[in-house]
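Using the sequences and the hints, build the whole thing.
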Amino acid sequence: MSTTAEHPRHQTVELDRVVIRFAGDSGDGMQLTGTQFTAASSLFGNDTATLPDFPAEIRAPAGTLAGVSAFQVHISDHDILTPGDAPSVLVAMNPAALKANIGAVTAGGILIVNVDGFDDRSLEKAGYASNPLTDGSLASYTVYEVPMTSLTMEVGKEAGVKPRDAERSKNFFALGLVSWLYSRPVEPTLEWIGKRFAADALVLDANTRAFRAGYNFGETAELFESTYQVRPAPLEPGTYTNVTGNTALAWGLIAASHRAGLGLFLGSYPITPASDILHELSKHKHFGVRTLQAEDEIAGIGAAIGAAFGGSLGVTTTSGPGIDLKAESIGLAVSLELPLVVVDIQRGGPSTGLPTKTEQSDLLHAMYGRHGESPVPIVAARTPSHCFETAMEAVRIAVTYRTPVILLSDGYLANGSEPWRLPDVAGLPAVDPAFAPAPGEGDGRAFQPYERDPETLARPWAVPGTPGLEHRIGGLEKADGSGDVSYDPVNHERMVHLRAKKVAGIAASLPPVDVDDEGGPGSAPVLVLGWGSTYGAIAAGVRRIRARGLAVAHAHLTHLNPFPPNLGEVLRAYPAVLVPEANLGQLVRLVRAEFLVDARSLTKVQGQPFRAAEIEAAILELLGVDPATTAPKEDVSS
Amino acid sequence: MTDTAVPVTTRKDWSSDQEVRWCPGCGDYSILAAVQMLLPDLGVRREDTVFVSGIGCAARFPYYMNTYGMHSIHGRAPAIATGLAVTRPDLDIWVVTGDGDALSIGGNHLIHALRRNVDITILLFNNQIYGLTKGQYSPTSEQGKVTKSTPFGSLETPFNPISLALGAEATFVARTHDMDRKHMQEIFRRAHAHRGSAFVEIYQNCNVFNDGAFERITGRDARAEHLIPLVHGEPIRFGPEAEHGVVASPDGRLRIAEVAEVGEEAILVHDEQREDPGLAFALSRLARGPFEPTPIGVFRAVDRPEYGEAMSRQLLDAAERRGPGDLEALLRSGGTWTVES
Ligand code: SF4
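These protein sequence lines map, in sequence, to chains A and B.
Residues -11 to 626 (my numbering) are what the first sequence spells out, left to right.
Residues 3 to 343 (my numbering) are what the second sequence spells out, left to right.
Treat the hints loosely; a few may be bogus.
A partial selection of chain A residues facing chain B, derived with a Cβ cut-off under 7 Å [claimed, not checked]: (1) P225; (2) T229; (3) G298.
Rather than coming from a laboratory, the hints here were simulated on the basis of the structure.
We put the CB at the ideal spot given by N, CA and C, even for glycine.
Spelled out as structure tokens, the structure:
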């Protein structure tokens, strides 16, 4: 940390990173505030990672703990992997927001509180017996009390906004203040406010004034001794955008359909946290994207199957209970052997569970959640931007192998964002739909809808409208080749094996799993094997172990069925394997069963992603190392 | 697809090589024959024709058609057909379903397909029983029906499929029966020509589990007295001498009266194009069940934008306004920044 004197009245402290959490009522606009702070930081050149955390209720009773909505952002001058284990700055708009989040703040952290929100009634609603701002309970923090509501209402009055409405701009005041405190450029945010509220001049004016008032308050009030500066991160050269997992996933689907020359059809029923994919795709009709908000989850996938039969790229998106409802139709697609992408944004279960909280607990459901022998390929995204290429990969497998594919993302990836270096569009993979052509003149042989490609075992995709390929498909068992209904026992066994072999055979098209092991593959005493959104926390935990001078390896799976061809070899090369998962141990069961390795499970099901420190602790334990004896050689951040 | 003339075909061209496996004497045979004999007349191509079905006896239908077809899962055919219809407006899509398939497990899909006015032709084979699972009562079985699953009689009020379709905002609603090929073909032809969802209820005899369910109205000798033909623009009359007619009571209810008693001008003139479905609904309630005079024919046929076409128009409009999709621009749409090397 170095101190410079760039600022006229305040000194500026250089930080390598900071984790800020904005917290308020669900109606306070904290998600918007956090998202824009992130965007401004990304534009400034920082690496960023975010963790939105909001209640399932749209508007839980104001001022209560249940209604607290928070947005955590990690900004840094170097590449980071997680939204940060613990915030060092908490912006609390009311007592409930303080109470719900204070436990997470690092010792000695900064609290910026909207002191106007700390009236007796609000304190009582949050369950405070005494005012924490005056009772000394916050002594270990640096507390800044700012009258955000009253200052916002004052500038609102100048703008001519009714007092009731003026109060609603206070999140922009907070945004302005934090932007000043962390030396963020104001132009991008002012520009964004201008665009976002273009439709209502009064609101636009009020929000702009509130933002400026917050910024100026920092500058003029004799409250803060210094401002902070987090310099741009040395990111790989290129053009970047900030993207959430759901947006990246939607774009990946569009890109895949575009590159394949297939019309994109989405059948979907609104469900948290998957709905944003439906929203995003519905915007892009000029790409030929058709979206159907179906009457239920079953119709969503049914319509996607119908579209696939007609030669479109059929997709359905869902979460939680929705994936249960789609099970029957996925089985139909397995039998029909048509391309289909089923996107499951995992959330806490069982049943309605925790709709807005993340979990990785649908892996075994994706794998086995259908009656009969019903193999389905599974891919999983690891970071928000990785959702883009994972969507493209799901389409590749679906189209090449004529099969439904389940794509697993989760609530953390869906709503979290990160800077994404844009790929070269011309270099994106293109999959050939290879529709079955109409038979030529004198081509006497009857069309065989279940004849298979010798290499992929895929059957022909023969779309209606093609003369000479008229055929009937369905959920009844087919005769191998002709596709006629067949109850023949031996044929059934052959078909069960063929379908299983086809899916297993996808492995031949997969790259070997990458192992991050500094000393070369097989050299570290422990391999951490992960899948999906644990990527950031595991990679950060691994960094911490290495900073202690210890060796550990990390492999992360995108393909969960089939596994990459070298996975067994990789696992057997390590004396110990640790599998962290946000479930009770699902991947660990699969690898133990498949490879007979004594992999250990590390689980967490709190609706929150792993922290790097938790991964670090579990690795140390497995290594038999006392955390105190090997202090990190350098300060590492995640 | 070529734009040469549609080839001349016969029933044989539309029949697949699969052996038809319904019970001998099943009403499904005559419906299949009616469709196979009608299709050569409709000016359509086999490769552009798709039959989609769910599960049940009727759902085997696609296997017997030498067209594209999908025998899907129970109740889901309207949903599957919706996805196909909106992405392939060039196709001619038929949904074949039964009373259990369409009105029980698939009720939700049926009503929403009708509401959306997707361009599909739905043939509902109503035999008032579950045949494939060997004889349980269905959502159209009469109250008190004794079946394997209701040994003491069914407690449930049946659906009236015509009333249901009208309530679901269907733009084309008709009824026919398996004993009259000419009438079936006339109704199927009109249903096929309709733009949007066309719903046809077909009274179909299941001679194994519910034999004679419609005998009292569709039997050769019963028809004149018990089937009320609906003809657009004509007074609603029936009987061997057209001596009965449908009149509106002062309280708005419809009832059957003798033409001689009420006078010809009192007889209701059928108007299938009325915007308000109220009268069509009242007609659908005229008979309490297939044991008293029952209207057959087209109850309602109105124009409303077809769903797939409306969706296509939105796509065209968007492309016109914003130009064709540009991936590069899409990825940059959220704002970008550049990191120099
Ligand atoms: S059970 Fe009834 S409906 Fe089914 S095929 Fe036999 S007769 Fe026809």
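We went through each hint and held it up to the structure:
Using the Cβ-Cβ criterion of 7 Å, the hint placing A:P225 at the interface with chain B is satisfied: the shortest such distance is roughly 4 Å. Checking A:T229 against chain B: minimum C-beta separation of about 5 Å stays under 7 Å; hint holds. Taking 7 Å as the C-beta contact cut-off toward chain B, the hint placing A:G298 at the interface holds, the least distance being around 4 Å.
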